[in-house]
Amino acid sequence: MSEILKRVDLIFGEYSDQKYKTLEKTIKRPNDDIIKDILDSGLRGRGGAGFPTAMKWKFTMEQPGDEKYVVCNADEGEPGTFKDREILTQVPRKVFAGMAICGKVIGAKKGYMYLRGEYRFMLPELLKEIDVFNTNAQELDIDFTIEIRMGSGAYICGEESALFESMEGKRGEPRNKPPYPTVSGYLSKPTVINNVETFVNVLMICRIGPVQYKKLGTRDSRGSKVFSVSGDTPIAGIYELELGMPLEKFVEEFGDGDTKAVQVGGASGFCVPRKKFKDTIIGFEGVPTGGSMMIFNSSRSMYNVLHNYLDFFEEESCGQCTPCRVGCQQLRKGIEAVKRGDKPITYLEQLMKLSETMKITAKCGLGQSVANSFSSIVNNFKEEMIY
Amino acid sequence: MAANNNNNNLINELVEKYGRDRTSLMPILQGVVEQNNFISDLNMTEIAKELDLSAAQVFGTATFYSFLDTIPRGRFVIRVCKTITCDMHGKKMIIQTLENLLKIKVGETTQDKKFTLLETNCLGWCHKGPSLLINNDVYSELTAEKVHELIAEYMHK
Ligand SMILES: Cc1cc2nc3c(=O)[nH]c(=O)nc-3n(C[C@H](O)[C@H](O)[C@H](O)COP(=O)(O)O)c2cc1C
Ligand code: SF4
Ligand code: FES
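Just so you know, the sequences run in chain order A and B.
Under my numbering, residues 1 to 387 are what the first sequence spells out, in order.
Under my numbering, residues 1 to 157 are what the second sequence spells out, in order.
Simulated from the structure, these hints should not be mistaken for lab results.
Bear in mind that the values here come from a model prediction, so they are computed numbers and not experimental data.
Heads up, some of the hints might be wrong.
[As the list claims (entries may be wrong)] Just the calculated beta-carbon pair ranges, DEER-fashion:
| # | chain 1 | residue 1 | chain 2 | residue 2 | range |
| --- | --- | --- | --- | --- | --- |
| 1 | A | T89 | B | K105 | 32 to 38 Å |
| 2 | A | P234 | B | K92 | 19 to 25 Å |
| 3 | A | K353 | B | A56 | 24 to 30 Å |
| 4 | A | K353 | B | K105 | 50 to 56 Å |
| 5 | A | A49 | B | D112 | 32 to 38 Å |
| 6 | A | P344 | B | D21 | 33 to 39 Å |
| 7 | B | E141 | A | N176 | 29 to 35 Å |
| 8 | A | K278 | B | A55 | 57 to 63 Å |
| 9 | B | G60 | A | V132 | 35 to 41 Å |
| 10 | B | K92 | A | K215 | 15 to 21 Å |
| 11 | B | A152 | A | Y387 | 29 to 35 Å |
Glycine included, C-beta positions come from ideal geometry on N, C-alpha and C.
Given the sequences, and given the hints that come with them, work out the whole structure.
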């Protein structure tokens, strides 16, 4: 590994010598101190949107009432992402401990993990680990239990409000926001929902302290990040790296020498062409990512890549709002028509306008983010859309 | 397996296990699929009655989720990932191999009701594509040869 791509061993590092030791230490601390540490650490959510975790917890903590929930988002449906599965396989206890700390801070007695249906094979092992957690929590006198809920093959259920709907036994259709989950989440109660990796980061901040934690990453992107690397690379897999690295270094390390483009952040993320590798930073100050890094070499047709993404969105759209339901379909039909020659090249401009309209009118993040990959692929690879 | 009596027993069992609240609906529907590979209309009305919901509400939820099948499926449901990385790494050839072996097209079920062949979106094994699910089990880094062996193995199950 080159120097700039520092491998980190925070998330996957070993458990502490004694079961749930950090949790035991942390629950004795005042809530405000814990929140302050997380705030100082600069931690931002690892699910993609990058909301400051401390603020989310603080807002929920300040809500009145004693029925609140902690939800761990293990829906991991973004194409090119597989790191949460690895975290839950290797260090599930860190996830559960992070959830329990959240429960103590916000005043919740119940935590749920929403696991995607595609990961049902993991259930037996996870249930065993949950038994271990629940027993330990009891011994430590922590009034917090964890349960698993399964998804059933719907990408949209990774969107937080759709996830709550699904847990409530309904269609996974996103809700209007506000109210946000901090006020009205699962069963309309104040809820903290975080990504699997976010909970592990919290635990590690509680273990090593914010000062040590902040040494990793850059000013805008603190800490390490688990990356899922796939596509045209000889070393596809899961890597924990510091945030804030230049994409150029990433490609040097992971590319096959012939890298044409990298899709950062999955189908709903951005496509970065070769000429922009140098000026692109992976992190919140540049191109944010939930961890998905898909590498394409020059043998790949970017038309096919875009078509594949549009197929994905068209199928996974919940169909609730018109801009997304109709928009995804029209974008796909549109690029097909241009490719066939039935529509002039200028039609691509119209399609890009449509995707921009979706960005401002669609109800949730799915429809809003289609323009990310659409515009970045069409703008950078126009010839490939036509010929 | 299809006898009404048995199905009623299954619904009863699941309702006893998960409760009669609407939040139990997903686990109950998932339980039916685990057992029968699909949720029949009769199952849905039965669940609606038990949970004091309208049959339309149960139908609405069930039909939203791609893994909650509401038409009969084979004993082994094969879902091949068709998202980009698997597509780049030979998904088409995997589908062709499966179609030839099973003598069905994507979306169909074999005559003996043993296999259903479907496509699905990213399974979370992109670094080891192409990949597929057979019921809950994942198979990755597939080749035509591996698919032959896999199907031979499942033929005997
Ligand atoms: C269509 C869509 C799918 C999403 N899928 C996931 C997911 O699989 N896992 C996840 O953690 N967040 C996902 N999110 C983001 C969640 O809505 C939410 O922001 C996140 O779980 C918050 O956790 P964090 O603050 O720890 O990142 C998705 C968002 C959208 C719009
Ligand atoms: S943007 Fe798409 S997924 Fe989101 S609510 Fe609208 S139709 Fe559903
Ligand atoms: S693209 Fe097939 S598993 Fe992700």
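Now for the hints, and whether the structure bears them out:
no., hint, result
1, A:T89 / B:K105: 32 to 38 Å, "35 Å, holds"
2, A:P234 / B:K92: 19 to 25 Å, "23 Å, holds"
3, A:K353 / B:A56: 24 to 30 Å, "38 Å, violated"
4, A:K353 / B:K105: 50 to 56 Å, "38 Å, violated"
5, A:A49 / B:D112: 32 to 38 Å, "48 Å, violated"
6, A:P344 / B:D21: 33 to 39 Å, "56 Å, violated"
7, B:E141 / A:N176: 29 to 35 Å, "43 Å, violated"
8, A:K278 / B:A55: 57 to 63 Å, "59 Å, holds"
9, B:G60 / A:V132: 35 to 41 Å, "38 Å, holds"
10, B:K92 / A:K215: 15 to 21 Å, "47 Å, violated"
11, B:A152 / A:Y387: 29 to 35 Å, "44 Å, violated"
Hint violations for this structure: numbers 3, 4, 5, 6, 7, 10, 11, all remaining hints satisfied.
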